[in-house]
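Enquirer: This is what each chain is made of:
There are 4 protein chains.
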Amino acid sequence: MNTFGRNLRLTTFGESHGKAMGGILDGVPGGIHLDIEAILRETERRRPGRNNLVTARNEADTPEFLSGLTDDFVTLGTPIGFIVRNTDHRSGDYSEMAKLYRPNHADFTYDRRYGLHEARGGGRASARETLNWVIGGAIARQIPCMRDIHINAKVVEIGGVRGSEEELNAVVAEAMKRGDSVGAIVECVIEGVPAGKGNPVFGKLHARLAAAMMSINAVKGFEYGDGFSAAAMYGTEHADIFTTKDGRIITETNHSGGIQGGISNGMPITFRVAFKPTPTLLQDIRTVDTEGHEALLRGRGRHDACVALRGVPVVEAMAALTICDELLV
Amino acid sequence: MNTFGRNLRLTTFGESHGKAMGGILDGVPGGIHLDIEAILRETERRRPGRNNLVTARNEADTPEFLSGLTDDFVTLGTPIGFIVRNTDHRSGDYSEMAKLYRPNHADFTYDRRYGLHEARGGGRASARETLNWVIGGAIARQIPCMRDIHINAKVVEIGGVRGSEEELNAVVAEAMKRGDSVGAIVECVIEGVPAGKGNPVFGKLHARLAAAMMSINAVKGFEYGDGFSAAAMYGTEHADIFTTKDGRIITETNHSGGIQGGISNGMPITFRVAFKPTPTLLQDIRTVDTEGHEALLRGRGRHDACVALRGVPVVEAMAALTICDELLV
Amino acid sequence: MNTFGRNLRLTTFGESHGKAMGGILDGVPGGIHLDIEAILRETERRRPGRNNLVTARNEADTPEFLSGLTDDFVTLGTPIGFIVRNTDHRSGDYSEMAKLYRPNHADFTYDRRYGLHEARGGGRASARETLNWVIGGAIARQIPCMRDIHINAKVVEIGGVRGSEEELNAVVAEAMKRGDSVGAIVECVIEGVPAGKGNPVFGKLHARLAAAMMSINAVKGFEYGDGFSAAAMYGTEHADIFTTKDGRIITETNHSGGIQGGISNGMPITFRVAFKPTPTLLQDIRTVDTEGHEALLRGRGRHDACVALRGVPVVEAMAALTICDELLV
Amino acid sequence: MNTFGRNLRLTTFGESHGKAMGGILDGVPGGIHLDIEAILRETERRRPGRNNLVTARNEADTPEFLSGLTDDFVTLGTPIGFIVRNTDHRSGDYSEMAKLYRPNHADFTYDRRYGLHEARGGGRASARETLNWVIGGAIARQIPCMRDIHINAKVVEIGGVRGSEEELNAVVAEAMKRGDSVGAIVECVIEGVPAGKGNPVFGKLHARLAAAMMSINAVKGFEYGDGFSAAAMYGTEHADIFTTKDGRIITETNHSGGIQGGISNGMPITFRVAFKPTPTLLQDIRTVDTEGHEALLRGRGRHDACVALRGVPVVEAMAALTICDELLV
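Quick mapping for you: the protein sequence lines, in order, are chains X, C, R and A.
Mapping to the working numbering: the first sequence position 276 is 276, numbers consecutive.
Mapping to the working numbering: the second sequence position 172 is 172, numbers consecutive.
Mapping to the working numbering: the third sequence position 232 is 232, numbers consecutive.
Mapping to the working numbering: the fourth sequence position 213 is 213, numbers consecutive.
Note that these hints are calculated values from the structure, not bench results.
Glycine residues also receive a C-beta, built at the ideal position from the N, C-alpha and C atoms.
Incorrect hints may have been included.
Stated by the list, open to error - Label-pair ranges, simulated between beta-carbon atoms:
hint, chain 1, residue 1, chain 2, residue 2, range
1, C, Pro29, X, Pro194, 18 to 24 Å
2, X, Leu40, A, Pro29, 56 to 62 Å
3, R, Glu191, A, Ala170, 48 to 54 Å
Stated by the list, open to error - The calculated DSBU-like cross-link candidates involving lysine-lysine, where the alpha carbons are at most 30 Å apart (straight line), are:
hint, chain 1, residue 1, chain 2, residue 2
4, X, Lys197, X, Lys177
5, X, Lys245, X, Lys197
6, R, Lys19, A, Lys99
7, C, Lys197, A, Lys19
8, C, Lys197, X, Lys19
9, R, Lys197, X, Lys197
10, C, Lys19, C, Lys99
11, C, Lys197, X, Lys99
12, R, Lys99, A, Lys99
13, R, Lys177, R, Lys197
14, X, Lys19, A, Lys19
15, A, Lys99, R, Lys245
16, A, Lys99, R, Lys197
17, X, Lys99, X, Lys154
18, C, Lys19, X, Lys245
As the list claims (entries may be wrong) - Listing some non-contacts, in silico: residues in chain X with all C-beta distances to chain C over 10 Å:
hint, residue
19, Thr62
20, Tyr101
21, Arg147
22, Ala210
23, Leu281
24, Val329
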């Protein structure tokens, strides 16, 4: 349940306010000189506190690599173990949560699943877990089979508003001011995947991408190609006519989103991911305690008003892990 | 790639115009007296030719059970093998497809993946494969852990139109008359799943449902709870306030769709699935042949103008296989 | 539990006296023209009744291929489904077994595991299941990556006697005359596996071979290279000195059995498999019934006095499935 | 390849002379108060340098737990991440190995598999990896389903000699004096497993135990019950007659080793594991370098003259992980 992938397997651990996050990336071929700076750039992209729109928690977020690499960062083909210490506990902020179930968080369901839940900051259900994924994804992007693959995600809609980055940020800032949070849509395009990658039936490339994206905290929906819009279309509108260009068979349009029958067709792979508004609010909110008694949860501390902002590198990382898993042989 | 599930595993085979479809359902406990009629009712629901809106192909679709059962249909705990003969080949209808790539079908991608593709009727990529799933799902629903689980799917929107069954059918009939096809949305509600089922991180219940649904032919999108609508909402609107009713903790609303942190919270699990319009059209359509030369594909034969209609029992079957897999211990 | 392999996956079903045995072989590349005669030669090698030393049950044992192949037996890359009808039920022979636990059979343990057991002939625990494996292995041997791999097994010891085929057969014949059965050792050599195949730690090549061989009915032990003899040796005796021959690094001896650290070193892979005596005897034997009451099990019907004789093609088939799984990329 | 288990999954990393060893144990239920001292006792049992028969390397071998536990060591149900720093590098001892292939080590095969090998002390192929397994096994033994399970292994034969611990130690001491090493057999008995545990066909309990044991460094053979001796027996000798004792069905003898048809029958599970002599010798030995040129490998440094001595807790740990995996639901 804490392992992702088949040929390239990322297994992770860590509670948000425990000693450390970490993971094991298994299946990386030997002899690759890793660019550590490139990995740190990715962890920096998802780091809280980069600007005034995301939570101010100060995390160093620098992984320590414990295995699988020579001293000069050449991969050995053996599993790459890494950890990131959690330096900013501030567990006091979360003290009252032990007894109250925060709405739309996983406190209640973890209690029902495991008989107890980590009171401090969401524990294993915290978005801090995605730091492990960003590290794994950043390594995946450096594996030779990924050389010509380009993965780019961006926020295209916040709170129902489409527009420039400025307009989108204004929606977040306004929600933040009210102690509220807001949902968003992230769009991702993967270019360079050759035709014929993926598998039929239960291993469809888009089903794997869906599972990867639906694993991201706060994600409520996934669509590829025309997605839900295709449900409102006629077959004649949706058809991607084949044609030949420079001796290569392509489609004139890309309603299919680069995948047909679960297998890539050589066109860009396009998909969209819906993020719900962060459940943490800076307002008081009604709830119950672990005994089922009505209670008031005080809004305080820090929060991300729009998790999708930090979700962009996470979407890319999970896309990289998924695609690399398909390309590795 | 042809196996679904972890505790309850369905492995399938069969090309649409090969000798037979079939599968092996592994993990069914011993001592269950199977209701074969209930299985046949499900296969009948997805059968083509039931009314004038779905393809007229005449398929008996009656499974022969080869193992895992006593003569009086009590399960042995061993894998249940079954086959369904393909009686209606009419391969002549598909003879020209060998050389032409049908737009939005998997002919081209299978060629790139395997070096050849089954010319007759879509082969392994045909929706006929879902017959295997419906059989598997119908057995899953009879496993004791599923006794109190109710799974109900229905078409809620066709071609952008929401309305009564009559109105929806009119959209399909109109498309059919033009030799066109049309997309649709199927909604599914699963009731009775107790709180605490599912797993965190990479085994999230909604991620498994997403992968299951995205495996269905023609599906382009999946969302649960408020889904893509949540991306346009504020946190204060989306919050599911906990309360106590009859001594049980529930939520006042169900924006979350019955799952929080990947684990069921005891509320109904709700999700929606977007089907694209069937790629097969009864109109001539431009394409290329396997050499890349421009060609015209003649529209003829039979087709489903709206695959989502037959997709309803398939959605339920995959939901049943997914939920049963989580509940089985 | 009924699936073997990772890249090449064989999933099987069938009780010995049910309607049919069968399986699905998933992962075979497309475009291979299968030699069906070669498959039948292998099933013939394991067929009962070939000579007077093995059980006289008359089984046609001819698989019907239902999918994954064109009409002229070219693989499509899709799963190959096959079944073999059980034509020789004679269930009367087994009628009394429903209530008695046969010593060293799986009747008792299946009862405890599943709450019931298939009374007729061992059900799923019958050696008839290995017919599925022989079919799977015979296909595996025809996959191009296996072109230069030679797998040869033979019985090297029966009832503690080493000697010519004639001498070994005499031991079996003598046991048979007394209504007794006898154990044996099968040795297998795999030539042609290049150096560098297999995986470290929990995916060691010899651990996979061990699991494969220990899956065969009646097998009680597995050793590779010097095996248990190595436990009585000194390091100086056991060392395989490296040397160079024709520009290729080889070892002067092969105590290691072709595998070091779980990975092939290019030398022949050698292993031995211990088969216990068949538990079915043609003598009366004490036991208990399902209620725990003492009873006498009558020795009658047919039996294999030495299952290892028919085990030889099964050992080769499981070796082929294991090696092919490692070589397929 | 670095993950063991299905319900209880241990994923490990670490090269013997890298920064740290470590692992993630996933699947441990929540709410268990771990006895850390019991874990340290197990790591102490396998620690080098305990007496003068095993290598003098000084390793602290104390795990740091990074997740999955509260501050007072109660399990959270989330994955337990742990690391053990490698404090005793002494990499100089291994400097010349970079260019020479040590006979019977994995240097050559890792080179062929990954294109390079970790020169320092065996890297990932080192027996130091088994420290991770002992930690995992020690946790497994504390899971409630293991409460009545007793696992006991011991060395029963060294260099072909059976006898008292004193006599066995004398064989090792004598080999050590000559700078040689010696093989051994470890026997293990698992008591308390109820009847009906394990699975048929490809999930047989003894096949899983075999794969677990064959994963241990230097192991060349596995047998259960009568093992290879059964190959020299007649069916009448080998029969385990059922009888009833205190209202429970048992067998009068235990030739089967507690498993029939892959499923436990309630009798003690017995198996034996053959260890080869350690390949590291304190004598000069011929070999080749990575270019294939003849060379002399100098015998020096430290070594275990008989790895089986330290293998005893490793056998128990892998048995615990295997059995717990079967018992966990």
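Enquirer: All hints, please: hold or fail.
Expert: Going through the hints against the structure:
For the hinted restraint 18 to 24 Å between Pro29 (chain C) and Pro194 (chain X), the CB-CB distance of approximately 44 Å leaves it violated. The hinted range of 56 to 62 Å is not satisfied by Leu40 (chain X) and Pro29 (chain A), whose Cβ atoms lie roughly 37 Å apart. A hinted range of 48 to 54 Å for the beta carbons of Glu191 (chain R) and Ala170 (chain A) is inconsistent with their spacing of about 41 Å. Of the pairs offered as hints, the one joining Lys197 (chain X) and Lys177 (chain X) is violated, with about 46 Å between alpha carbons and a cut-off of 30 Å exceeded.
Taking the CA atoms of Lys245 (chain X) and Lys197 (chain X), the gap is near 20 Å; set against the 30 Å cutoff, the hint holds. Of the pairs offered as hints, the one joining Lys19 (chain R) and Lys99 (chain A) is violated, with about 61 Å between alpha carbons and a cut-off of 30 Å exceeded. Taken as a hint, the Lys197 (chain C) and Lys19 (chain A) pair is broken in the structure, with Cα atoms around 39 Å apart against an allowance of 30 Å. A threshold of 30 Å between alpha carbons decides the hint, and for Lys197 (chain C) with Lys19 (chain X) the separation of about 27 Å falls inside it, so the pair holds.
Of the supplied pair hints, the one linking Lys197 (chain R) and Lys197 (chain X) holds, its CA atoms being roughly 24 Å apart against a limit of 30 Å. Restraint check for Lys19 (chain C) and Lys99 (chain C): the C-alpha separation of about 22 Å stays at or below 30 Å, so the hint holds. For the hint linking Lys197 (chain C) to Lys99 (chain X), the alpha-carbon distance of about 21 Å falls within 30 Å, and the restraint holds. A distance of roughly 66 Å separates the Cα atoms of Lys99 (chain R) and Lys99 (chain A); the hinted pair therefore is violated under the 30 Å criterion.
For the suggested pair Lys177 (chain R) and Lys197 (chain R), the alpha carbons sit about 46 Å apart, so the restraint of at most 30 Å is broken. Our distance criterion of 30 Å between C-alpha atoms is met by Lys19 (chain X) and Lys19 (chain A), whose separation comes to about 18 Å. Proximity of Lys99 (chain A) to Lys245 (chain R) is assessed by CA-CA distance (about 19 Å); at most 30 Å being required, the pair is judged to hold. Proximity of Lys99 (chain A) to Lys197 (chain R) is assessed by CA-CA distance (about 21 Å); at most 30 Å being required, the pair is judged to hold.
The suggested pairing of Lys99 (chain X) with Lys154 (chain X) is violated, with an alpha-carbon distance near 38 Å, which exceeds 30 Å. Under the criterion of a C-alpha separation no larger than 30 Å, the hint pairing Lys19 (chain C) with Lys245 (chain X) is inconsistent with the structure, at around 38 Å. Residue placement check: Thr62 (chain X) keeps its beta carbon more than 10 Å from all beta carbons of chain C (closest about 22 Å). For Tyr101 (chain X), the requirement that its beta carbon stay farther than 10 Å from each beta carbon of chain C is not met, with the minimum near 5 Å.
With 10 Å as the threshold on Cβ separation, the claim that Arg147 (chain X) sits away from chain C holds: the shortest Cβ distance comes to roughly 20 Å. Residue-level check failed: Ala210 (chain X) sits 4 Å from the nearest beta carbon of chain C, not beyond 10 Å. Distance check on Leu281 (chain X): its Cβ comes as close as 5 Å (rounded) to a Cβ of chain C, failing to clear the 10 Å threshold; non-interface status is violated. Every Cβ of chain C is farther than 10 Å from the Cβ of Val329 (chain X); the closest lies at roughly 13 Å, confirming the non-interface assignment.
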